[in-house]
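Trainee: Single-letter residue listing:
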Amino acid sequence: MSVSDIVITSTGKKDPSFTIPVIAAAGAFAGIFVGAAQGSTLLGIVGGAILLAILAFLCIEKLGRDGEKMARWGILALFAVGGFAFGAVAGLVVGLLFGWFFGWFIYWIGFNRYRAHLVPYLTPGQVLWHYSFRVICGAIFVFLITPIIVVMPLSFNAEDFFTFTPEMLRFDPEGYSLKHYRDFFTNPEWTSAVWNSLKIAPVATFISVSLGTLAAIGLSQSHVPGKRAIMAILISPMIVPLIISATGMYFFYSKIGLVGTYWGIVLAHAVLGIPFVIITVTATLVGFDRSLTRAAANMGANPVTTFFRVQMPLILPGVISGGLFAFITSFDEVVVVLFIGSAELQTLPWQMFTGLREQISPTILAAATVLVSISIVLLAMVEMLRRRSERLRGMSPG
Amino acid sequence: MTHSTTEPANFTGAAPKAGPMLAADGRPLKKSLARALRRQKLRALMLVAPLLIFVLVTFIAPIADMLFRSVENQIVSETLPETVMALQEWNGESDIPDAAYDAIYFDLFTAAEAKQHTRLGTRLNYEQTGISSLFRTSGRQLDDIGDDVHDALEDINPAWDEPAPWYQMMNAGDRPVDTALLDTKMFDMRALTGEVLEGDLGFAPAREVSDLLPRTAAAYTSWAIYTALVDGDIVAEEDPWESVFAALASDLQSGADVSGYSGPGADMLAEAAANLDALPAVDFRNVMVGIDEDWGALENWQTIKLYSPDYTPGYFLNSVDMQNGIDGAQMRPENERIYITLFIRTLYLSLVITGSCILLSYPVAFLLSNLPARSANLLMILVLLPFWTSLLVRTSAWKVMLQQQGVINDVLVWLGLVADDSRLVMINNQTGTIIAMTHILLPFMILPMYSVMSTIPPYYVRAAKSLGATNWTAFWRVYFPQSIPGIGAGSILVFILAIGYYITPEIVGGTKGVFISNRIAYHISSSLNWGLAAALGTILLAVVLILYWAYDRIVGIDNVKLG
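From first to last, the protein sequence lines stand for chains U and Z.
Each residue of the first sequence is one higher than the one before, counting from 1 in this note's numbering.
Each residue of the second sequence is one higher than the one before, counting from 1001 in this note's numbering.
I should point out that these hints are in silico values taken from the structure, not numbers from a laboratory.
The beta carbon of each residue, even a glycine, is placed where N, CA and C say it ideally should be.
One thing to keep in mind: the hints can contain errors.
[To be verified] Covered by chain Z, per the in silico footprint, the following chain U stretches (three or more residues, Cβ under 8 angstroms):
(1) 97-110
(2) 182-196
[What the hints assert, rightly or not] To spell it out: a stretch of chain Z is covered by chain U in this simulated footprint if at least three of its residues, at any positions, have a beta carbon under 8 angstroms from a beta carbon of chain U; those stretches are:
(3) 1034-1046
(4) 1517-1526
[As the list claims (entries may be wrong)] Cross-link-like lysine-lysine pairs, in silico, DSS-like; alpha carbons within 27 angstroms at most:
(5) U:Lys227 x Z:Lys1031
(6) U:Lys255 x Z:Lys1031
(7) U:Lys255 x U:Lys199
(8) U:Lys227 x U:Lys179
(9) U:Lys227 x Z:Lys1041
(10) Z:Lys1030 x U:Lys227
The shape of chain U in the complex, shown without the other chains (with noise of 0.2 angstroms):
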């Protein structure tokens, strides 16, 4: 059972003269955008707080809680209806969405279910901050993940548009199409910048992750002269704002014959991915029982053996969440390819960014989507991996 189930305040039937009025503003309030969409602002808030009052009093008054069922289908059938009435399937969606929340609000207010997991000392004013605190974080959130959400179905736009068309809105099949993903997958230049990158980023990855998890068990030793300094110059690349890495490597790298080359794109992609398996394995090490190693060699391992057998398991989760911090800023990064790379060598990232500043094209969209589902794949891993070095190392009964 979790906290959230359990109930602190009793709740019950609340005073009408409170709830009507609240409900009625809610409805109001709604009723803006749905004046504003169909003409008039003013005939929206009346209408909205006009319709909200009548249903907040059938249901609290007439119908009750025995009726709340009923009661709430009825609202989510009316408000499909309604909107279907408006605005044809993208109004009957919007419809189903309010009538949907409304039956919900009506009974969460008429019947004081909002204060049933708060304490019961609470002011009102308090219970009202404690509600508005949690609509501006959920604005916060919205805010954080509604461009991510936006792509998506912009990706299967039929019109080589940025925006959602009419026929998209009406959720017309004509208006959906897969060709932007079709011009993913076979148009060579997305083709082989894709490949490009799988070339890259996984080399790159090997490098960091080889080097950065012995450094980190050597940093992880007590007695570790200037570890200080060794740490920083170690972080450094993460720190340095990336134009000055590029045009560093830039000057450097072209009078060693490595720009435009694969070598010098790898090299520089795992120097800026050590710092991520610095911090990761630094981090899972922090809880690493040295002792263990100590019984390992007492028992006749040599340090080999010990380090494969006994301390690679255990650091393992950290390893592998630092390979793919190091993964996805390789397979990420652009304007270090933008400036030591060449036209054979064009990463994703530089033809998305190409295509960005140049020639618009949705397939940038098809791209992003593809990317976001890595990146959901990615971080599930991460945090399973998390979890799990947590309960190696028994910090958490998970």
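Chain U is fixed; fit chain Z onto it per the hints.
Mentor: Relative to the frame of chain U, chain Z by itself:
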């Protein structure tokens, strides 16, 4: 392991019988311990060493190279070595010395043959507009005077048109060699072409001739080195550059006494000296000013003199809107100042972005740290997903959202909040940069704040409230001070990241919303003023390193957490 250590007194000999405590192998325990410790240190260093070397070579060395480039200025002394020397004595105000005109004719001629003069012109053009075209046009016309002399000499004696007599006259053969001249010219040519230049030259200047005809010998030596080692031809079989002819005329006209000379080509020289009137007058001041009257202008020579040292503060002065003058550094005219504005704008926008990140992150971090673990973890995914999503995806998403025909404007128009003909302009200006970068950097603020806030014990606030504090007082006087480390850590991190951003401003910033990074990229890839790019980068790097140092002191670099 070290629970029994011996008293120091045991080593002083006060108690000789006790002796130092011994380890299993018979060594004194103290030494044994020190050795083990040393080994441990060494092993740790050996584990760190490969990575440290890797980072030093692939990352720190490039940065150092960039720092070096921001002051490096060898191009002037490499391309115009003689001119730089000739200008050393000049005070920059008086008349330009004749020696400078002599020197620049030959320097420029050699540079034009090696196709390096336009490179120098471009370099000096950063400091003095117009020099680039002066160098380019002059490079094409330097042959003219030599051609005239060539024709005149040929009329006197057709042998002047042959390569062989020239070679016999100039080459030392059995005569003493002017090694100083050869070494100087060799050094200059290496610097000019940037090549190693090894191989058989097949020529050595005769000291006899170089004493008699210094300019001719110098010009011929330069030509010989170029012909043999750059072009790979045989010196004795090629026609010399026209500059050699001009040099000969100049040497003869300035009173070289060829009567005492008896080496190869003595008769040819005597013949030419006898017919001096038939040769066109070669005065390099007139030659240069004749090619382009700008060679008479004082400011062009001042620019060359000012930028003749191997290291210059010029790029740094340019990057703070100043310029190097003969009287010292001074501000550029008002209408040419762009970099200070750009630096201020970069700092200002970074501050605004950091500020809006604080405002948006604080409530979220507070909520996350006060929710039960399961809900907090779920909501955390909403924070981490943008963090894990490609930067370009997020930037393109904002481009989609903010355009005038984009999603936000469409929604506002649909809701009737904005008229269709007055859609908001939210992209290609500072608003676009601020919105998009706030979104992109928000996770870097939320994560450190969250990790600090989740360690704040809840009972302090409860205690404050039970002592009669209002909600606001309890928050402001008790909770907020404890959360400041999180704000500090997040702010420095976001500010450091924001100040060096390039991709997002480039795509959504238009012209008013770009950062100093965009200018650096412009100088690297479009204007090719690499020195200025390096100087701007160095200033930016200095700001970032100061902040990095502060971050290390306040937060500790090993306390950075990812996800």
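Trainee: For the region 1034-1046 of chain Z, do three or more residues have a beta carbon lying closer than 8 angstroms to a beta carbon of chain U?
Mentor: holds (count 7)
Trainee: Do three or more residues of the region 97-110 of chain U come closer than 8 angstroms to chain Z, measuring C-beta to C-beta?
Mentor: violated (count 0)
Trainee: Would you mind confirming whether the straight-line C-alpha gap from Lys255 (chain U) to Lys1031 (chain Z) stays at or under 27 angstroms?
Mentor: violated, 49 angstroms
Trainee: Per the coverage rule (Cβ-Cβ under 8 angstroms, at least three residues), is the region 182-196 of chain U covered by chain Z?
Mentor: violated (count 0)
Trainee: Verify the proposed pairing of Lys255 (chain U) with Lys199 (chain U), using a straight-line Cα cut of 27 angstroms.
Mentor: holds, 24 angstroms
Trainee: Given the hint that Lys227 (chain U) pairs with Lys1031 (chain Z), does the C-alpha gap stay at or below 27 angstroms?
Mentor: holds, 24 angstroms
Trainee: For the pair supplied as a hint, Lys227 (chain U) and Lys1041 (chain Z), is the alpha-carbon distance within the 27 angstroms limit?
Mentor: Distance ~11 angstroms between Lys227 (chain U) and Lys1041 (chain Z) Cα, so the pair holds.
Trainee: Closer than 8 angstroms, Cβ to Cβ, for at least three residues: run that test on the region 1517-1526 of chain Z against chain U and report holds or violated.
Mentor: holds (count 5)
Trainee: Given the proposed pairing of Lys227 (chain U) with Lys179 (chain U), does the C-alpha separation stay at or below 27 angstroms?
Mentor: The given pair, whose Cα atoms are some 54 angstroms apart, is violated under the 27 angstroms limit.
Trainee: Is Lys1030 (chain Z) within 27 angstroms of Lys227 (chain U), Cα to Cα?
Mentor: holds, 25 angstroms
The structure does not agree with the numbered hints 1, 2, 6, 8 stated previously, though it agrees with the rest.
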